[in-house]
Amino acid sequence: AQKVTQAQTEISVVEKEDVTLDCVYETRDTTYYLFWYKQPPSGELVFLIRRNSFDEQNEISGRYSWNFQKSTSSFNFTITASQVVDSAVYFCALSEQNAGNMLTFGGGTRLMVKP
Amino acid sequence: EPEVTQTPSHQVTQMGQEVILRCVPISNHLYFYWYRQILGQKVEFLVSFYNNEISEKSEIFDDQFSVERPDGSNFTLKIRSTKLEDSAMYFCASILGTSGGQNEQFFGPGTRLTVL
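Protein chains in written order, with the numbering used here: chain A, 4 to 118; chain B, 161 to 276.
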């Protein structure tokens, strides 16, 4: 069975600090996909990134970067030079090749960026 | 840019009443999903739907729940007799692709259901 754990329930930083959100997953499938979603206070789910299990290359997109390590089953998300607008709940999620695209979400990390 | 839409944005109902939550997935998408998020908690999978039938469902999706695609555009979630614990945000999502789990799920803005 698949499982996603986000151990940090809440993080508070001051603007311009870097922050890393942790995500650890469990799966028996050899082919799987990892996602990060942002949920701002308005409530919608905003897609940030998707990685497949065969691609361990780290990815950078502006101030966002992701570190995927199969050896530790982790898919961590770093925001560089955080801004107040980054304040949101961030969810890590997993889908398995053989589970019909359904997403299993972690519990989320609430990030508060203070000015 | 095409998007998933959901109506209503907020629904208030009395316990025991039936509610229907509506979604319009992106037009050429083939797989449809409902997820639920109880306030302050994680997003939980309810059901997936493909080719006019349920393909997967979770333990949450019991006999009180049903889904339907009544026409070529709408995808609905019905709760027959609402309970207090059904109060949550309900998200609809759709996927273009045909298999594999690699597809990005496009989420709608959600319907907040409040059961009194």
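Just so you know, the hints here were simulated from the structure itself, not pulled from any lab data.
A few of these clues could be false.
Listed next, the in silico BS3-like pairs over lysine-lysine satisfying Cα-Cα at most 30 Å (straight line) [stated by the list, open to error]:
id, chain 1, residue 1, chain 2, residue 2
1, B, K238, B, K217
2, B, K243, A, K73
3, B, K238, A, K41
4, B, K202, A, K41
5, A, K19, A, K117
6, A, K73, A, K6
7, A, K117, B, K202
8, A, K41, A, K73
9, A, K19, A, K41
10, A, K41, A, K117
11, A, K6, B, K217
12, B, K217, B, K202
13, B, K243, A, K19
14, B, K217, B, K243
15, A, K73, B, K202
16, A, K73, B, K217
17, B, K202, A, K6
18, A, K19, B, K217
19, A, K41, A, K6
20, B, K238, B, K202
21, A, K6, B, K243
22, B, K238, A, K19
23, B, K202, B, K243
Keep in mind the model is a prediction, meaning the values are calculated, not measured.
Numbers of the earlier hints that this structure fails to satisfy, in rising order: 2, 13, 18, 22
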